[in-house]
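Chemist: Put chain B on the given structure of chain A with help from the hints.
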Amino acid sequence: MEPILKARGLTKRYGKVTALNDCDFDLMPGEILAVIGDNGAGKSTLIKAISGAVVPDEGKIWLEGQEVSFRTPIEARAAGIETVYQTLAMSPALSIADNMFMGRELRAPGILGSLFRKLDRPKMEKFAREKLNELGLMTIQNINQAVETLSGGQRQGVAVARAAAFGSKVVILDEPTAALGVKESRRVLELIRDVKNRGIPIILISHNMPHVFEIADRIHIHRLGRRLCVIRPQDYSMSDAVAFMTGAKLPEGVTETV
Amino acid sequence: MTNDAKSVSGAYEAGLKGAAETVAEFHEEQNALKKLQHWLHQTPSAVPMIVLVVSVIVFGLLADNFFKAATLSTILQQIAIVGILGCAQTIVILTAGIDLSVGAIAVFSSVLMGQMTFRYGIPAPAAIAIGLALGTAMGALNGFLIARLKLPPFIVTLGTWQILLASNFIYSANETIRSSDIAEKAPALQFWGYSIEPGGVKVLYAVFLMIALVAIMAYVLRHTAWGRHVYATGDDPAAAELAGVPTKKVLIQVYALAGLFCAIAGWVMIGRFGSVSPTASTGQLGNIQSITAVVIGGISLFGGRGSIVGMFFGALIVGVFEMGLRLVGTDPQWTFFLIGVLIIFAVTVDQWIRKVAS
Numbered sequence: 001m002e003p004i005l006k007a008r009g010l011t012k013r014y015g016k017v018t019a020l021n022d023c024d025f026d027l028m029p030g031e032i033l034a035v036i037g038d039n040g041a042g043k044s045t046l047i048k049a050i051s052g053a054v055v056p057d058e059g060k061i062w063l064e065g066q067e068v069s070f071r072t073p074i075e076a077r078a079a080g081i082e083t084v085y086q087t088l089a090m091s092p093a094l095s096i097a098d099n100m101f102m103g104r105e106l107r108a109p110g111i112l113g114s115l116f117r118k119l120d121r122p123k124m125e126k127f128a129r130e131k132l133n134e135l136g137l138m139t140i141q142n143i144n145q146a147v148e149t150l151s152g153g154q155r156q157g158v159a160v161a162r163a164a165a166f167g168s169k170v171v172i173l174d175e176p177t178a179a180l181g182v183k184e185s186r187r188v189l190e191l192i193r194d195v196k197n198r199g200i201p202i203i204l205i206s207h208n209m210p211h212v213f214e215i216a217d218r219i220h221i222h223r224l225g226r227r228l229c230v231i232r233p234q235d236y237s238m239s240d241a242v243a244f245m246t247g248a249k250l251p252e253g254v255t256e257t258v
Numbered sequence: 001m002t003n004d005a006k007s008v009s010g011a012y013e014a015g016l017k018g019a020a021e022t023v024a025e026f027h028e029e030q031n032a033l034k035k036l037q038h039w040l041h042q043t044p045s046a047v048p049m050i051v052l053v054v055s056v057i058v059f060g061l062l063a064d065n066f067f068k069a070a071t072l073s074t075i076l077q078q079i080a081i082v083g084i085l086g087c088a089q090t091i092v093i094l095t096a097g098i099d100l101s102v103g104a105i106a107v108f109s110s111v112l113m114g115q116m117t118f119r120y121g122i123p124a125p126a127a128i129a130i131g132l133a134l135g136t137a138m139g140a141l142n143g144f145l146i147a148r149l150k151l152p153p154f155i156v157t158l159g160t161w162q163i164l165l166a167s168n169f170i171y172s173a174n175e176t177i178r179s180s181d182i183a184e185k186a187p188a189l190q191f192w193g194y195s196i197e198p199g200g201v202k203v204l205y206a207v208f209l210m211i212a213l214v215a216i217m218a219y220v221l222r223h224t225a226w227g228r229h230v231y232a233t234g235d236d237p238a239a240a241e242l243a244g245v246p247t248k249k250v251l252i253q254v255y256a257l258a259g260l261f262c263a264i265a266g267w268v269m270i271g272r273f274g275s276v277s278p279t280a281s282t283g284q285l286g287n288i289q290s291i292t293a294v295v296i297g298g299i300s301l302f303g304g305r306g307s308i309v310g311m312f313f314g315a316l317i318v319g320v321f322e323m324g325l326r327l328v329g330t331d332p333q334w335t336f337f338l339i340g341v342l343i344i345f346a347v348t349v350d351q352w353i354r355k356v357a358s
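As they're listed, the protein sequences go chains A and B.
Counted from 1, the first sequence has number 104 at position 104 by my numbering; the numbering is strictly sequential.
Counted from 1, the second sequence has number 312 at position 312 by my numbering; the numbering is strictly sequential.
The following block holds chain A by itself, in its conformation from the complex (with noise of 0.2 Å):
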């Protein structure tokens, strides 16, 4: 099978840092993929890579067997590469409505929408409520209240519909549980696998090892800038993981070259 996004020989340099080394990467159709690594490992940046939120110095991306490059997150998204940040990138002010469209606004029909630019509330308002249904978060009553109004787990979840909403190819959560209590992650993490039975590939960043090794298909072990390994987690403990990203232990066939 083909890698549904593919990249080869990825580096990015900030100065005297070398934040991605030469590093590959593969998201294959369907799966969750765990991105995990200690911090400073470069896996931010590998992701940023990915979402066009930077550009890399060397190296190459292919979605879909299309090679891309992506200069702004707005062309990645385009493309349909979705990524739910660690803020959520949310205006707290605006509504559940208003920043799901945030960007991508729908106008209405006719001269309306053509000379005076009105938006198409009603179509946008029922594709929030539906996409928000779809995902089981249909107790979010109104669709018209104002994100800052919702708790953690409801921003969250309202920042997962809309990249599931729109992420037609990819979607990219990064720490989607960092902000969360167990309840809301355990939540979020339904979610995520809701996405995922919608045959969207998911990439997942996080620190939190008993969430990577519940939901993720396999694991990209992130060091020194490069790909260590990808292992799958039912054929390794969280503590082999944990050393692998450590440089505590190396897996088997592996040897670190620096």
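Keep in mind the hints are simulated off the structure, nothing from the lab.
Note that the structure is predicted; figures quoted are calculated from it, not measured.
Mixed in with the good hints there might be a few duds.
[To be verified] Simulated pairs of lysine to aspartate or glutamate, EDC-like, Cα-Cα distance not exceeding 16 Å:
| hint | chain 1 | residue 1 | chain 2 | residue 2 |
| --- | --- | --- | --- | --- |
| 1 | A | K60 | A | D26 |
| 2 | A | K131 | A | D194 |
| 3 | A | K196 | A | E134 |
| 4 | B | K34 | A | E64 |
| 5 | A | K169 | A | E64 |
| 6 | B | K355 | A | D26 |
Modeler: Just chain B, lined up with the frame of chain A:
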């Protein structure tokens, strides 16, 4: 895919069994105060509207002449310029910025319109168009310095306020163009000073212009993508940028549009005062007056919250206070005293509404 690892790793959460499964549920706040807070959160112009209605009733009871059509039309006439400058100030403050140069742009634009006609002999309509374009360019300069050079709006517009006002004095050589000359040679400059008089009550064109501008901007801010982008830029610029809003472009457009509104206010000034005067008090006071209308109107100085209709109510409140207190016959200083109180009250309410999140 096997589930072994999952069941093992999920074990520590076994204690969760029986806990509520729903996360995304909305708890209806039953408390009356909380309800009020939520309502104000969604309807930010409610507070100034209530203050306006109450003050109109109070002055109506205190002063016999207050409820006359002539009095009310005079109030509207007196807030026309501040109302238009307030439109400029509103969109800027919604982006979490501030524009101290609004009055300076207005005065300089009015002087440019006058001088184009009288110094260079350009026909009045063309002179007006040039004045409007130059006012827009002055606003765009503010926007460029703020968005591209990332300078704080307060400092940029503090600077351009002085620069534009000084340029205005230097360029005009402090010369006033007399009202009678304008009426004779270029009546188009005084257009907004003309009026209709239904039933003997004089209503300036300027009043209709102000109301039309407020209505148009209310529509644009509420019902177009650009309007939503203005709010998003002011609310959380980093989030807006990530969500795909071109925040820098939005900022430059906002300051340029504010410049256009200021130039329109400059044109209206010629109609209101008759003459073109580089020393018009608007140059020094326009910024404070427009900021006052915006703040009393319930628009948050921190950006992203409030409505332009609130600004209109805010300007009306100031007008009603000035007129009402004059009719009652008190020391005019009470106007400023009460407006000061209102400003602090408005900001307090804004802070309280913001806490709705917690």
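Chemist: Could you tell me which of the hints above the structure violates, numbers in ascending order?
Modeler: Hints 4, 6 not satisfied by this model.
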